[in-house]
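Participant: Chains as they are written, first to last, in this note's numbering: chain Y, 1 to 114; chain X, 1 to 114.
Among the clues, some could well be false.
[Stated by the list, open to error] The following label-pair restraints were derived from C-beta to C-beta distances:
#1 Y:Arg67 to X:Asp2: 35 to 41 Å
#2 Y:Gln17 to X:Lys41: 19 to 25 Å
#3 Y:Gly99 to X:Gly82: 20 to 26 Å
#4 X:Ser58 to Y:Ser70: 24 to 30 Å
#5 Y:Ser70 to X:Thr77: 44 to 50 Å
If you are wondering where the hints come from, they were derived from the structure by calculation, not from laboratory data.
This one's a predicted model, so the numbers in the text were calculated from it and none came from an experiment.
Just so it is clear, CB atoms sit at the ideal spot from N, CA and C, and this is done for glycine as well.
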Amino acid sequence: KAGVTQTPRYLIKTRGQQVTLSCSPISGHRSVSWYQQTPGQGLQFLFEYFSETQRNKGNFPGRFSGRQFSNSRSEMNVSTLELGDSALYLCASSPRGQGNEKLFFGSGTQLSVL
Amino acid sequence: EDKVVQSPLSLVVHEGDTVTLNCSYEVTNFRSLLWYKQEKKAPTFLFMLTSSGIEKKSGRLSSILDKKELFSILNITATQTGDSAIYLCAVEIHSGGGADGLTFGKGTHLIIQP
Numbered sequence: 001k002a003g004v005t006q007t008p009r010y011l012i013k014t015r016g017q018q019v020t021l022s023c024s025p026i027s028g029h030r031s032v033s034w035y036q037q038t039p040g041q042g043l044q045f046l047f048e049y050f051s052e053t054q055r056n057k058g059n060f061p062g063r064f065s066g067r068q069f070s071n072s073r074s075e076m077n078v079s080t081l082e083l084g085d086s087a088l089y090l091c092a093s094s095p096r097g098q099g100n101e102k103l104f105f106g107s108g109t110q111l112s113v114l
Numbered sequence: 001e002d003k004v005v006q007s008p009l010s011l012v013v014h015e016g017d018t019v020t021l022n023c024s025y026e027v028t029n030f031r032s033l034l035w036y037k038q039e040k041k042a043p044t045f046l047f048m049l050t051s052s053g054i055e056k057k058s059g060r061l062s063s064i065l066d067k068k069e070l071f072s073i074l075n076i077t078a079t080q081t082g083d084s085a086i087y088l089c090a091v092e093i094h095s096g097g098g099a100d101g102l103t104f105g106k107g108t109h110l111i112i113q114p
């Protein structure tokens, strides 16, 4: 079974630009969550999607958004990039996104904002 | 505000040593505590703990949860260089529906010297 796939692996952008990251969950998994990882803050929850609906959102500004498609693939978008958005963005999937389900993580997209 | 604190933040030991990693938490509506290992990019699942006092084991790794004192430990015996990684502790809370996202600690960076 293929794991969680994230593209692209690396991305370099400049301030003010926008970026779209993609995540394909494990086949059969319907819940996709996104996390931001930085050296200072560690992993922080961005949002979670299930059946094309955002069910939960972390404490991030509105510049961070996402969506999920009918095949459970998900994208996240960051608009008006800031230097502080430089981070590893990790996507994780689980079968139903219910309690006591372990998350399976992708290898992430490393975003650098110059 | 939910909080997960890991200690130590970094640890250097020699191959063959035994290490104990700590994770304490302050959250509302605790559901489970999870340990992940992050070697390069993708965190990989180690343990999920929901009940106090029940040790979970996988080879040389073991973990236990104390819900009264609000902490967990991860033990690694007979360490090998392949155990070098960042070990992440995360807590899941009960929510009204869906996955609220995990609250992560900042991780313990473990280095095993040959």
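Participant: Give a verdict on every hint.
Facilitator: Hints, one by one, checked against the model:
1. Look at Y:Arg67 against X:Asp2: about 26 Å separates their beta carbons, and that is not inside 35 to 41 Å.
2. Between Y:Gln17 and X:Lys41 the CB atoms are about 23 Å apart, so this pair conforms to the stated range of 19 to 25 Å.
3. Between Y:Gly99 and X:Gly82 the beta carbon distance is about 32 Å. The supplied range of 20 to 26 Å is therefore violated.
4. Roughly 36 Å separates the CB atoms of X:Ser58 and Y:Ser70, a value that falls outside the hinted 24 to 30 Å.
5. In this structure the supplied range 44 to 50 Å holds for Y:Ser70 paired with X:Thr77, their Cβ-Cβ distance being about 47 Å.
Going through the hint list in order, the structure does not satisfy hints 1, 3, 4.
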